Every structure is written in C-alpha cells, then in structure tokens.
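Engineer: Each chain, letter by letter, is given below.
Protein chains: 4
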Amino acid sequence: MSDNNEQLGSLVASVDAFIRDVVIPYESDPRNEDHGPSESLRRELVEAAHTAGLVAPQLPEWLGGHGLSHRATAAVFRAAGYSPLGPVAMNIMAPDEGNMHLLEKVATSEQQERFLKPLASGAIRSAFLMTEPDGGAGSDPSMMSTIAERDGDDWVITGRKTFITGGKGAGFGIIMAKTGESATMFLADMDTPGISIDRILDTIDSSMPGGHAVINLEGVRVPADQILGAADEGFRYAQVRLAPARLTHCMRWWGAAERAHDIAADYACTRSAFGKLLADHEGVGFMLADNLMDLKQSELMIDWCADVLDSGATGTPESSMAKVAVSEALFRVADRCVQILGGTGVSRDTVVEQVFREIRAFRIYDGPSEVHRWSLAKKVKRETLKARQG
Amino acid sequence: MSDNNEQLGSLVASVDAFIRDVVIPYESDPRNEDHGPSESLRRELVEAAHTAGLVAPQLPEWLGGHGLSHRATAAVFRAAGYSPLGPVAMNIMAPDEGNMHLLEKVATSEQQERFLKPLASGAIRSAFLMTEPDGGAGSDPSMMSTIAERDGDDWVITGRKTFITGGKGAGFGIIMAKTGESATMFLADMDTPGISIDRILDTIDSSMPGGHAVINLEGVRVPADQILGAADEGFRYAQVRLAPARLTHCMRWWGAAERAHDIAADYACTRSAFGKLLADHEGVGFMLADNLMDLKQSELMIDWCADVLDSGATGTPESSMAKVAVSEALFRVADRCVQILGGTGVSRDTVVEQVFREIRAFRIYDGPSEVHRWSLAKKVKRETLKARQG
Amino acid sequence: MSDNNEQLGSLVASVDAFIRDVVIPYESDPRNEDHGPSESLRRELVEAAHTAGLVAPQLPEWLGGHGLSHRATAAVFRAAGYSPLGPVAMNIMAPDEGNMHLLEKVATSEQQERFLKPLASGAIRSAFLMTEPDGGAGSDPSMMSTIAERDGDDWVITGRKTFITGGKGAGFGIIMAKTGESATMFLADMDTPGISIDRILDTIDSSMPGGHAVINLEGVRVPADQILGAADEGFRYAQVRLAPARLTHCMRWWGAAERAHDIAADYACTRSAFGKLLADHEGVGFMLADNLMDLKQSELMIDWCADVLDSGATGTPESSMAKVAVSEALFRVADRCVQILGGTGVSRDTVVEQVFREIRAFRIYDGPSEVHRWSLAKKVKRETLKARQG
Amino acid sequence: MSDNNEQLGSLVASVDAFIRDVVIPYESDPRNEDHGPSESLRRELVEAAHTAGLVAPQLPEWLGGHGLSHRATAAVFRAAGYSPLGPVAMNIMAPDEGNMHLLEKVATSEQQERFLKPLASGAIRSAFLMTEPDGGAGSDPSMMSTIAERDGDDWVITGRKTFITGGKGAGFGIIMAKTGESATMFLADMDTPGISIDRILDTIDSSMPGGHAVINLEGVRVPADQILGAADEGFRYAQVRLAPARLTHCMRWWGAAERAHDIAADYACTRSAFGKLLADHEGVGFMLADNLMDLKQSELMIDWCADVLDSGATGTPESSMAKVAVSEALFRVADRCVQILGGTGVSRDTVVEQVFREIRAFRIYDGPSEVHRWSLAKKVKRETLKARQG
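Protein chains in written order, with my numbering: chain H, 3 to 392; chain V, 3 to 392; chain D, 3 to 392; chain Y, 3 to 392.
Since the hints were made in silico from the structure, they are not lab data.
Treat each hint with caution, since some may be false.
For chains that are exact copies, the list does not tell them apart, and a pair is met inside one copy or across any two.
In silico lysine-lysine, DSSO-like type, Cα no more than 30 Å apart, as pairs [what the hints assert, rightly or not]:
hint	residue 1	residue 2
1	K278	K180
2	K278	K381
3	K380	K278
4	K388	K298
5	K381	K107
6	K388	K278
7	K119	K298
8	K278	K383
9	K119	K383
10	K180	K298
11	K381	K298
12	K383	K107
Quick caveat: nothing in here was measured; it's all calculated off a predicted structure.
So here's chain H without its partners, still in its complex pose:
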C-alpha cells in the first residue's frame, strides 16, 4: 500500500472496528495471566486478526503486509493499541515487531525464510536477548558480558540475560554477545541446548506474552550461518532496531492511553458528586483537558519522528525525544484517568488500572528517561560547540 490517505483511513477504520468488536471482549478472558496472555489466547487472537486481514500490516507485501511507511504505521499501531491485547492479536507487539523489522533489514534470505516468515505470520514468537543483569549491559551496552567464541564452524555463547520479554515460549531468540571488541547477533532456536529460562520476573506490567525472563546461556552452540547478517555488526544492528522499536512502543501505548482517557471521560460524564457531573467539576474537567493536550502532543511527536525515519535518517535523537516526551505524557494521562475514576481507577474493573501499570513500565523500557536526557544533553552540547566555531 502506498500511504494513500484513503486506503490508510480505511485500514485504520478496520483496525478500530476489529479492536472494539473482536479484541476488547477478550480483555476479561481468564487466559490473561499475570505474566501476560497465554499462548492459547494469543493464538486465538492472531487467528481472529488473520480472519480480519490485519496481521502485521506494516510489513512488506512479500511478508503479507501492506508495506506501510513509518508514518502510516503510526496511525495503524495507535489504533491497535486501544486494547493492550490489540498488538498481540495483530502480531505487532514488542519484541516481535522490532525483531521482524531487524530481520527484514539485515537477515540473509535463508534466515528470513527460516525465522522471519513464521514470525511474521504469528506462527511463532521471538525474543531479543540483549539486556543483562546488574554489572552487565543495561542502559550502557558497553558493559556487555555475554561472550561468543568461535569453535570450528560454530560459535559458543555463554552469559546471562535478563528482562527478556517473551523469552518463555518464544520459537527463537536474537542473542547479542561480545565477539572480541565488537558484538554480534546470533539467531538461535530457543530449545537450543544451553538456553534455559531461569525464572520469569514478576513485573508491574502484564501485557506481554511470556512475560519477562531471566535466561541462562551456558555453552549455547550455534552454527556460523546463524549469525544474523554479518559478524561484529551487533552494535550497528542494535541501532537499526532501536529507533523504530522505541517509536512503535510510543504508538501502541498512545492507543492505550487514549482508551484510558475515553473511559475516564465517559465516567466523568455519567457519575455525579456534590450535586453535579464529575465532568462539570473543574478539578476533573481540567484533567480531561490536560489529557487532550498530552495526547495531541504525543501524537504529533510520534508522527514527526516517523517522518524522520521515513526520510531515511536513523532518528536516534528524534526517537529519544519522542520516547521521553511521549512516555512521560502518556503516564500523566494514565495517572489522571486513575484519579478521575477514584476507587474504580485502582481496581481491575476497567482496563485503566492495567494501562497505568503498563505505561509506568514503559517509562523504563527501551531506556529510562534519564538515559535519553543524557544523550540529548550531549547532542545540545555538540551542536552548541559546533555553532560557536560556526
């Protein structure tokens, strides 16, 4: 699909309808477990999205999608995020969506055939094994301690990874490991000997299938042709994946925040206290007004950054700006919605409570705000010094 506005509008409308009519009813399904939707629920949802023709629409046509630009993707993913289950159903949830993007850009055609195709269709899930426990690679990737060493035609990987979203139940993982001074990404089936799930973290969020795992890598042997793309390109590939993945997070959670706002607005327009509708209390109405502004600003920030990516730029600073501004704005929205709903807001009677928890985690995932501010400060410094030399 070109980004023809009419076609895009029609796609978004389909997503809207799919989410409201098909997906939202699943939100009360008991298969929504503490560590995310169960595999059975996920498969049922993906099946429904296949029926609706809405699986991974951002992908190129040869992978079954519409070949959307980043900007068009933004409109579609925002609509998908209106339910936390929407991205699961449409197979555009982290980390799979980012992994698909990366594999499409850098994997060999054999790797695409073997790993990307089943991933794109939702037949399997995947994981991205980069973050390490304290002392290893977290916000600072240079601290990576997982190592891959050549052994004949194979590579043997040893290390420990944490916060591996979807690690449990994934078909394969992309493992980032030090190879000398550089780093390399490896593709490995998750049942490769040496890969073991240590435990699933109990986290504040609960929307990601498989939850977040701590994973041990003990002598994981992978053949050289499972190096993703080329050896020693791990840090560069991480950049390829980084900015778009950050931004799709913003898109999806934007939808969730809008949902929370709609629920809060509806509540405020139907419940009364002290003699008038909640919405007629300025204390509540002003919160709704602030939501409106935060949502609009977030939407504009996402679209702007998507345009940057569509222009071919790496979008590293722009996606940092979007990540911080959007995650913090959406958190304010979610927090206000909880507050407007009162007791109901802190209960699971509406999805607002979950949205609040998810977006709290989002402020940390893909780099906490502080790391992005730090790198943006460096950018200001760099440009200021350059201007002085002008």
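Based on these hints, arrange chains V, D and Y on the given structure of chain H.
Structural biologist: Leaving out everything else, chains V, D and Y in the frame of chain H:
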C-alpha cells in the same frame, strides 16, 4: 506511657528492630497473596508482635497499649510502615486501627468488651462499611443509599457497599446507614444473615488482609444495642474517625516510602553505568535529594497535624492538607525509586514495586486529592470573607 | 507566494539574517523603555525591515506581503520572534498583526483603504479595545459593560477599557461595545474626542510599543460607516480574530524561547563549575534536553494548529490547546534558561531575563490557561455525551 | 527575651501591626526605584521601626535586640516579610542581617564597636563581597580569584566581585579573598581607595537597597586589624554565615508569599466570571488550596531548620533542604497568585508582581537549587555507604 522522649525513642528502636529482623523476612512468604496477606500469615505476624510486645502500642493501657499521643504514634507508625507487613503484624493496619480508635471513643462498654477487645489483641479483624458503589456514597457522603429501618427492637439494614477493606475474613463490621435524615453506625458480626461478600476487587494494591470487598446487605437485622454509641450520630462519628485515620495512613506509608528510598539509595551506591556509580550521576543523585526533601516535608506535616489532634481539635482541614501533601509527596518518592532501579524497579525483586502500587492507591483512599483540595478551597474562601468583614 | 518550500526557506533565512544582523543590536538601545520600545525606535526598526523587504510578509500581495498560509506564517514568525524587537520591526506584533488580519477579513474597502493600508505598512499602530476593568469583560466577554448607542447617523460609545496594548500612540483603535444584546466593533481614530488614556500600566513585560493602557471612553462619537464590517457582529468577529491571534502569539514567543535556549546552551558550554563545563553536569544538561523537547513539541503544536486554520476551520479548540500547551512549555524553557544562567539569568545582561518576564505575561494574555482548560473540558464533555448517544 | 511564647506572640503581633499600618503604605512611594528603595526611603523606614521598637529584634540585647533564638526569629521575620519593605524597615534585610550575625560571632570587640554597632542600629548598610564574575567564585567557592597579599602591616586586595547586594551606598564591606591556599575575610570601608562600583546590574528583583553591584578591587589596602576575626578562616566563616543567612531568606520571602496569597484569595473572593466568584471555580480554588499547603510546608521546614540551628549544629544540609524546598514552594505560590489575578497579576497594581519577580531571583540567590541538590545527593551517598559498612 507519657511521651517521654527517651521511652518513645526506645519504643521506636524496638519497632525498627522488629520490622528489620522479624517482619521483612516474611515479605517473600508465598502467603502474600494478590488480595493481601492470608489470615494464616497475619496470625503468625501478630503472634510475633505479641512476643515482641508491639501489638497496637498506641492504644490505652487497658487495651494493652502505651496510651500514645498522636505525635508519639506518628513516630511509631512510621517505623512500623517500613515494611508493608509491619502494620499488619502490629495490628495497626487500616481499617482496624481507625475502628479501634472510633470504638474507644464512642462505643458503650459492652460494645468495647465484645468488639473492641478481641480487635485490639488481633484475635479478629474488622471492616468499616461506608463507601457505596457509583450513585451512592463515595467522596460525597450525602449520597448514601444504604438504609436502616426500625423493626421492633431491631434495625434492618439494606444496601450495597464497595471497597470494604478487609471485609472478607473480618469478625465484625461497622455499617453506616441512613436513618431518616441522619445516619447511624451499626456493629454487626460479619456472619450475620444478610451480609454477603459479592466479590473481592482486584486492585493495584495488595497489602491489606482480605483485600477490598463488594458487600451486599440484604435485610441485615441487628438489635438496637448494636448501634454504635448513639443513633443518628453517624456523620459525627465519621468525623471522629476521619482525621486520625487519614493521618495514620500517612504515617504508615511514610515508612514504606522511606524503605523504597533506602533501597534505591543503596542500589545507586552499588551499581554503575557509563563509568561511574549511579549515585554520582546527577540525574540520579538529584532524585535522591528530592526524596530527602519530600520525606522530610512529609514527616513535618504529619507531626504538625498530630500536634493539632493532640491539642483536641478535630483537625479536619489540617488532616486534609496532610493527606494531600503527604500522599502526593510519597508518590513522587516511590515513583523516583522505581525509576532509579530501572528494570528492577518495575519487578517484584524488591518491595519498591509494591510500595509504588500501594501509594498510588493511597492517593485515592480516604478521599482523593481533589476532594480535599475542594474542601480546602472552601476554607480559604470562608476565612477570606471573614477577614474582609474583619 | 505559494508555500513553495524553497521560497519559504529562503524567506525564513532572510528573516534569520535580518534578526541576527540588524535587529538584535538594537536590543541594547536605550529607547527600549519600561513600557516598550519608543515610537522613534519602532520607526527606525520598521524602516530597516522595509529595506530588507520583510514588513508583514504574511499579508496578501495587495498589502505588500507574500500571502502566506498560516503554516508558512508560523515558520516566518518563529524566526522573527528570535528577538523581542523582531516582530516590532517586521510590523507583525500584537495587536497590530491580529487587527490587520481582522480588517482584511471583515472591513469594507473604504475602511481597508483608510485604516488597514497605513497599518500594514507600519506607518501607524493600532489598538484593540475589548478587555475591561474588573466587573466588565475580561476572560468572560459576556460581562461587557461598554455601550454604544445610536444617535442619528452616529454611534456614541461610553465605557472603560483596560490592558489595551499599544493604546498609547496608536493611530486608531477597534472598540468593542455592547449594542443591545449583541456587540459591535467600531473603528475610531485614537484622537477622537472622548478617548483618553487614563494611565499606562506598569507590567512585568516590556516588549509592546505603547505598553498596556487603561482608556476612558466618554461619549466617543463615531459615524456609522466606522462600524467595522456589520453591526451586531462583534462577537463573531472576535472569533475571527481570536484563534489566529492566539497562534501568532505562540509563534513569536517560540522564537524568543529558542533564543533563550541558545543563550543558555552557549553559557553552559563555556562556563565551568566544580571541575567541568556546566553542560557536563547532568543537572544542567537535563534542563537543556528538556528545552529541546519542549521547543519541538511547541513547534509541532503550532504547525498542527496552523494546518487546522489553513483548512478553513475556525480552530477555536485547537488554538486553545496550542495556547495553553505552548505558553506553558515556553515558560518552562524560559525558567530553565534563567536557572542555568544563575545570577546572570536574573539580570538584564542577556535577553533571557526579559524573555522570562514576557512569557510569564503570555500565560495570561489572550485568555489565561484556566479559561482555555475550562472550554476544553466542555469540549470533552460535549463529545463524550455525543459518543454515548452514538 | 527568652522564647517565652507569650512575649514572642506579642512581638509578632507588633510586627504585624507595624507592617500593615506603617510599612505597606510606603510600597507606593516613588522612592522605590528599579534598584531598590532609595537611601532616603530606607532611613525613613528604619526611623519608623525605631519608633516602634522593632529594629533588628533578633540581635542580642547589647546590640539593642531581644536575643531571639532562630526559631523565634523565624516567626518575627516571616511577619516582617509581609511587605518587601518590612525587612528594610526593621534592618533585617540581606546582606546586613547575615553580616550582623557573622560579626557578632567572629569579629573582635574593636571591630564590633566600629562596624557592627552602626550596622545594627541601621545607621549604615554593609555589603558582602564574595561572588565573582564568570571564571571566579560563584556556586563553587574554590574558584575564587580575588587575592590578598601581605605588604608590611597591611594587606592589599585585588580582584573583581559581582552581584554584590547593597554594594552601592554601603558603609563597609566584608571582602573575601584568597590568602595562599586559604581565604580570609577583610573589613573595609567602602570608600577605601581602590574600591569602585563598576555598575549596578539591572535585575529582575528590586527590593534590596543599593541593588546588586559589580565592584572592582584594585590594590585595596587594609590594615591587618581589619582582618575579620582571624586570617585564613574565610571558608570557615563563610559556613558560619551561610546556613542562617539562607534560612532568614526563606523566612522573609515566606511572608511575601503569604501576602501574595492573601491578595489573590481576596481577589478570588470578590471578582466573578462565568456566573460565579472566582474562588468558586475549582480551577482557582484548587490553586488557593495548593498555596495553603505550600505555605504550611514551607513554614514547617523553616521552623525545623531553625531548631537544628538552635541546637548548635551548623545546619548545612538542613539549610540546603530548606532553601530548595522553600524557595521552590514559594515560587509556586507566587506564580499561582499571578495567575489568579490575571492581567492584574502581571501589573504593578498589586505587590504580587514584585513578589513573583523577587522569589524568582531567590531561587538562585544563596546557591541555585541545583547546587544544593548536588550537595544533598552527596550526603545521601555518604550516609548510604556508611550504612552499608554499618
């Protein structure tokens, strides 16, 4: 005990030691369930507190306590709150602590013997049935729709209550019901026919034994001598309970926020990124500094309000000020601690994640900030108009 | 000019150069008085802009401009605002720019000849007499107490206006007055008998030529052909002027905030404390990063609202959103810049101190944030109720 | 005076009355110039305070005061600050008040006779010459570049100082200069050859007599007996002066913020918009409520820190906490008051506009918030590491 500083200091030190040595190890006990610590866990904790001589120390001596002033209570409860389980162990958790206070002030001696004594010792728990579902009494108590009607020597209560903390598993409840234009409080064993637990709400917090229940009251018959104190005094009694109960919430959660701060500070002083300790990054250090200020201001606010209560005043506006300022400050503290811990902060690997969830709920319990701001605005108006007439 | 990107880019570059090379040096001119630049300074600046071909470029070609869209205007005005004197020089300062827009839309051709043409060229200034002292029309226009009454072929206006920007020294004013249940706008030379400047307010800002006046209207007689457009259309015309005028305020002050940011960034990259550049302290660097995000979000919000206006919509809610979000974001930027500069920041040694004061006032001019939040809350309510009926 | 509560209450009441009846009328006196009240105005005010027996009441009795504790001083100074002219009248304005405190603690009796006595009575003013222009001592005193060298029995001082409050018109100054690795404070009449006022800074604030000067020190020769206290003790003496001076700033500006709040509350209770009193709009009422909380928290923070000082501690971290928390809270109060007053708020029609400007500067004076947060972060780190070793 008088508020003799030395005795108080020694009591607080005992609480400190009890929490750190005895209570905190229980935090990883699997009997900490989604809806709060199980009854078996609660009993074990209370038993431990009895051994340590630390059950409900604020109570008068005839109830086994030290007869603490509000100000001394503040010091003790802050120490107790250092673990979410501390108040459970020491039997000073909401709603029991507030109920004890109320019963001590207004119950007949027969009622005190029957209801207060077993409550004070931790043999049973209690509930406070005031809040109603949408359309009934929430922030605006005038909307109460539960009704009690005289029938011979009995009263028959009909209505529906929600967010009844500890309702499940409580020995008795204090039921607030409309009696004509006024309201009356009734004491009722929770197994009285007609009282039924509809469901337990799934809420963002998980520290309160029994969780928060929705309760149906269908023709609940209680004899007239189970009217708490006097008939038609319900709204006045609610005021008696209100301000101190708000303030003890502040005290307990202050301790939890301090705990979160200590954990975050420790983390920041042992983990490094980008070549130095987290604490040496101003982005982190400034958050710790802000915690210091928020904790100190909250402590001062609590002590000030406690002094007001000790002076004999009802403390309604002062406790509103304390409730808003303290709950919002503690939430900022908890939020910063989550952020400092990064991925660990949103996982249950430390208690910080729970503290964050609990204090989010605290911003709503006992009146959301907006209701208090509304009543404080009225106070400013009242005093301003009075000064103009001056 | 069409909004051809290349032509626009070239125009903006001309403005940039004009501001930096010609206008900024005037900032230390002693004719910048407490109540704004003197008329002599203003004329000299406008003369310079004529030389550079940069007077009121947004106007249609028959008025000497390039016929810019709102979106193109945004780019030009942001560049112009880089100095508080820029808009004065380019004759695009409030209230003149908004008055030109209004006259172009609704004045008769005779009125345009007599009032608009000399205004457009910068030969004269103008005023907009709407706001009234307490008890009259402020944020709530329905409270207007100035009255115009028919007397033969003339109208006689009586009332009192306040905060009339540029009232002193203006060639003519647009006077809003009640005419029965409606309101009408009148064009009047400022030397019309009965119009008298009561006093010039001492205000926190100081960029507007003529300052802000309190003006008495005592039996001001104007012929019927000086009714702007048609009688009784005052409130509608106010809407015509309103949204674009709000937005051009945002544009101009955006430029000033960017200027403050550039000065602060430069300062932070050249001064050291505690052993390193200020910019290398995260406490400072994070402020610069936040500026970056606030400026980008404000720019996006302005462009979005400009697009709405270009689409032909009235843009009332959109300009409310932009006004609140942008004025508050720019104030945060200015406040951070003051803080980064330390003692220098609160002194007039740089323009940052003025920018801070100006933008503080901006948060009130054209409706304080609270009035806009109030109307946005109404919008949410309206749309929510409509969706429920949907 | 002991801190006898009754006596203190009576003193505070006298101050209240003096400020309201005598001082406030002077606020519209034209001798309030851009760089502060003129010397003639100051003398008239001090004369009035002498008549009322209210000059520098915090000083010991031998200097004409009541020997107030820091805690009692807090109550008195808060009352005095209710007008920006109050501290000028009562001779407790910075930097004189801090200088008196320092001289009382460390000056020789000859120095006290010659410099302190006329200062204490308000016969002369003084200056404190520590801060230096960029590149010298600002927030980081170790960067001091002013040097004093021994020459026979004299010392010769060379350097440049900036932001020297009250420098113009002062009788004497306390000059801080490097003496080898240490620093020494010198007492010098301001007419000593070599001391020259370069210029008076134009600053956002305007309450300090003499404004803020840039001062050149070119071969300023002072005899050895004008070393304040002992040589090489400059940094230690700076600490002696530091914490109490910071705190008295908080006290005085607290009073100003309360004044602003009272004016805003009065305005909100007498003006209407959209059909009701401003105070009845929650958007306004909530701001007043927030003021109430910010004022109370600031008051508590001041009193707590005063108690720390009264206990004999240096109070360095405590006064940092108070300085940051109070200055930021009072700024929020002042900002809200401006907003509530609308157009009037940004005009000099009330004192609120000045209070806003003064408190903006206060967030920088005596160390910007960032420097205090930085040192508080160090304190958290220090104590955390100590606890780990514990």
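Engineer: If a hint holds in the structure, say so; if it does not, say that too.
Structural biologist: Hints, verified against the model:
1. K278 / K180: between (63 Å within a copy, 21 Å between copies)
2. K278 / K381: between (50 Å within a copy, 17 Å between copies)
3. K380 / K278: between (51 Å within a copy, 14 Å between copies)
4. K388 / K298: between (33 Å within a copy, 20 Å between copies)
5. K381 / K107: within (27 Å within a copy, 44 Å between copies)
6. K388 / K278: So K388 and K278 pass the 30 Å test across copies only (19 Å; inside, 58 Å).
7. K119 / K298: neither (36 Å within a copy, 38 Å between copies)
8. K278 / K383: between (52 Å within a copy, 13 Å between copies)
9. K119 / K383: Classified as neither; 43 Å inside a copy, 46 Å across copies.
10. K180 / K298: For K180 and K298, neither the intra-copy (42 Å) nor the inter-copy (37 Å) Cα distance is at most 30 Å.
11. K381 / K298: Both: 26 Å inside a copy, 14 Å across copies.
12. K383 / K107: neither (32 Å within a copy, 45 Å between copies)
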